[in-house]
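Construct all of the structure, not just a fragment, from the sequences and the given hints.
One letter stands for each residue in the lines below.
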Amino acid sequence: MAADPIISLPIISLRGVTKIYGEGPTAFQALKGVDLDIQQGDFVAVMGPSGSGKSTTMNILGCLDVPSGGTYLFKGHHVETLDRDQRALLRRRYLGFVFQGFNLLSRTTALENVELPLLYRGEDKKLRYEMGMAALDKVGLKDWWDHTPAELSGGQQQRVAIARAIVTQPDVLVADEPTGNLDSQRSIEIMELLTDLNRNSGITVLMVTHEPDMAAYARTIVHFRDGLVESIEAGVTA
Amino acid sequence: MLGTTVILAFRAINRHKLRSFLTTLGIIIGVAAVVTMVTLGNGATAAVREQISSLGANVLQLRPGQGFGRGGGGPRPPDFKERDLTAIENQLTGVRAVAPVVQSSGTAIYEGNNWSTTVYGTTSAYSEVQQWKVADGRLFLPDEEEAGKSVCIIGNTVRTNLFQGTEPVGQRMRIKGVSCQVVGVLATRGQGGFGDQDDVVVMPIKFVQRRFTGDRDISQIMVAVDDAYDTSTVQASLEELMRERRKIKAGDQDNFNVFDTKQISDTLTGTTTILTQIVGAVAAISLLVGGIGIMNIMLVSVTERTREIGIRLAIGAVAREVLMQFLVEAIVLSCLGGLIGLFLALIASVAIAPLMQVPFLFDVKVNAIAFLFSAAIGVVFGYFPARRAAALNPIDALRHE
Ligand SMILES: Nc1ncnc2c1ncn2[C@@H]1O[C@H](COP(=O)(O)OP(=O)(O)OP(=O)(O)O)[C@@H](O)[C@H]1O
Ligand SMILES: [Mg+2]
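For the protein sequence lines, the chains are S and A, in the order given.
Read in order, the letters of the first sequence are residues 1 to 238 in our numbering.
Read in order, the letters of the second sequence are residues 1 to 401 in our numbering.
These are calculated hints, taken from the structure and not from any lab test.
From the three backbone atoms N, C-alpha and C, an ideal C-beta is built for every residue, glycine too.
A portion of the hints provided could be inaccurate.
[What the hints assert, rightly or not] In silico contact screen, one side only, chain A against chain S (beta carbon under 7 angstroms); selected entries:
#1 G94
#2 V318
#3 I395
[Stated by the list, open to error] Below, simulated SDA-like cross-link-like pairs (lysine to any residue); rule was C-alpha separation at most 20 angstroms, straight line:
#4 S:K126 <-> A:V6
#5 A:K365 <-> A:L336
#6 A:K17 <-> S:L105
#7 A:K17 <-> S:D146
#8 A:K247 <-> A:L92
#9 A:K17 <-> S:E112
#10 S:K126 <-> A:T4
#11 A:K81 <-> A:Q220
#12 A:K133 <-> A:V169
#13 S:K126 <-> A:Q220
#14 A:K262 <-> A:D227
Rendered as structure tokens:
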């Protein structure tokens with residue numbers, strides 16, 4: 001399923017991307033010129049020491065934050081020139097997110113959480129239900145559709161979050177330490193789920209992790225150090 | 001898009017019932033307090049106005065002595081005579097009607113029923129002076145007045161207590177031991193500034209003088225001023241006329257007094273105006289306090305909800321949609337609170353008005369203003385904090401603790 005890197009254009013391409021937090025004397029440069037190409041259909045693990053700029057890069061890739069400098073091409077289009085609303089529409093259409101802290105809406109059932117992106121897309125009730133249930137089925141939580149986050153375990157909550165991220169059939173799934181809050185058994189389940197989505201649904205997966213065991217599921221491993229890409233290596237599954 | 005945000009707004013309200021309730025509570029209390037107070041205040045004002053108008057407009061009361069009552073020691077100032085009445089009628093300009101009054105209290109009896117009341121001896125002019133109307137029957141005929149016949153017109157309180165359902169006109173009753181024929185019943189005037197104005201028996205003055213007071217003195221003269229004339233000018237010339245007639249030297253004190261009923265009404269109207277203003281101010285403060293309450297809850301809840309805003313933005317909501325949801329929430333909660341407040345105010349006013357003996361007056365304007373004001377506060381304070389949150393980068397909103 002992996003596209004041939006020589007002939008196909010990368011879905012994501014960063015060139016000299018910088019990010020400076022704050023202003024004046026307290027300003028801090030988190031990214032110092034990141035160059036990174038990600039191919040359609042790849043499964044990328046991002047590793048590196050704490051504070052090396054992994055999350056910062058992911059947030060920029062996911063259009064949740066804007067770079068201070070450099071260019072970001074998504075499917076060949078410049079993203080750094082888009083305004084807030086255009087970036088929101090890009091997220092809505094092409095991107096899915098999974099966070100370390102799950103970030104589900106409280107007091108809201110699993111199904112309603114999963115349906116939310118469809119609601120913003122303006123899908124009707126019937127389609128929302130069908131797609132929402134299909135996504136929950138894919139993460140193995142079909143029978144838990146009417147449970148709120150408070151009634152679900154951490155692993156289940158993260159699977160609901162994954163269902164929410166994939167319900168719109170995004171091109172890219174961005175996951176920042178998706179297993180960071182889970183024990184190893186739950187982590188393995190999540191990794192198998194991500195691998196399945198990557199292999200069988202053709203979703204490009206970008207995942208930050210500190211654990212080599214988790215990175216072992218990836219096809220490509222990117223190492224960050226001090227706000228720069230240090231090295232890129234092929235994963236064991238490649 | 002609007003449909004989506006409305007769904008989301010209602011879901012959010014439903015899911016966070018306590019928060020929604022607390023937000024609404026400020027509005028409910030504010031609106032209920034304002035509307036109840038102003039409604040009751042208006043009722044009280046109306047009640048006072050009613051009493052004032054029952055006094056009769058632009059009437060001068062001429063009495064012997066200084067002020068109300070007869071005053072301290074010294075000889076009792078003389079009452080008035082019929083000559084004084086004629087002089088006022090003929091020599092004073094700006095007079096619409098003049099009526100003499102003598103007063104006597106006594107018991108009325110009809111078929112075993114007793115009722116203690118006040119007997120007014122006067123002439124038909126009295127009805128013109130006081131703007132009293134006869135509801136049943138008629139006023140005195142000229143020959144009845146001339147001869148001082150034993151006829152009477154009764155007030156509604158007397159009718160109710162003495163006749164108890166029997167049609168009184170044409171009946172004979174006894175008053176202070178004397179038989180008299182009822183020729184009319186006065187239209188109800190209600191509780192006036194000076195007690196029950198329907199608790200009276202009116203008889204020709206000549207009869208009252210002959211049978212009850214025993215002399216031909218007149219204890220009070222009521223002068224109705226023509227609307228075209230200034231009451232105080234007429235009052236001044238009346239005082240001058242009386243000083244002349246009673247031979248009071250310049251510099252000496254009057255042994256009579258002229259009381260302008262308009263003074264009472266002016267005083268009372270002034271008092272109620274101040275009262276209404278105070279009530280209005282208190283009401284406005286409570287509305288403001290309610291508004292601050294809404295503001296607090298909204299600010300707290302937006303801080304609390306910044307992460308939620310971040311989640312919505314992250315999964316592809318446009319800032320406008322998130323804001324719209326908060327706006328709809330604020331509108332729904334504010335309007336709901338406003339309506340509940342109006343409803344509670346209605347119940348409270350209807351319940352309290354009779355206890356205060358004031359009429360219940362539903363004022364659309366007061367209700368509308370209170371509702372719109374609270375709704376506006378709710379919307380403004382619901383919207384602006386949310387706008388700040390929605391202006392954040394999604395990631396900053398998500399990181400918000
Ligand atoms: N909002 C912010 N304001 C200021 N500095 C920030 C902000 N976010 C990140 N940083 C700084 O930028 C640097 C990179 O942060 P980033 O979160 O990308 O690191 P990371 O590689 O994800 O680390 P970790 O593995 O601990 O998650 C860090 O030094 C961090 O302190
Ligand atoms: Mg990180």
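Cross-check of the supplied hints:
| no. | hint | result |
| --- | --- | --- |
| 1 | G94 | violated, 79 angstroms |
| 2 | V318 | holds, 5 angstroms |
| 3 | I395 | holds, 4 angstroms |
| 4 | S:K126 <-> A:V6 | holds, 18 angstroms |
| 5 | A:K365 <-> A:L336 | holds, 19 angstroms |
| 6 | A:K17 <-> S:L105 | holds, 15 angstroms |
| 7 | A:K17 <-> S:D146 | holds, 19 angstroms |
| 8 | A:K247 <-> A:L92 | holds, 18 angstroms |
| 9 | A:K17 <-> S:E112 | holds, 18 angstroms |
| 10 | S:K126 <-> A:T4 | holds, 14 angstroms |
| 11 | A:K81 <-> A:Q220 | holds, 10 angstroms |
| 12 | A:K133 <-> A:V169 | holds, 15 angstroms |
| 13 | S:K126 <-> A:Q220 | violated, 89 angstroms |
| 14 | A:K262 <-> A:D227 | holds, 12 angstroms |
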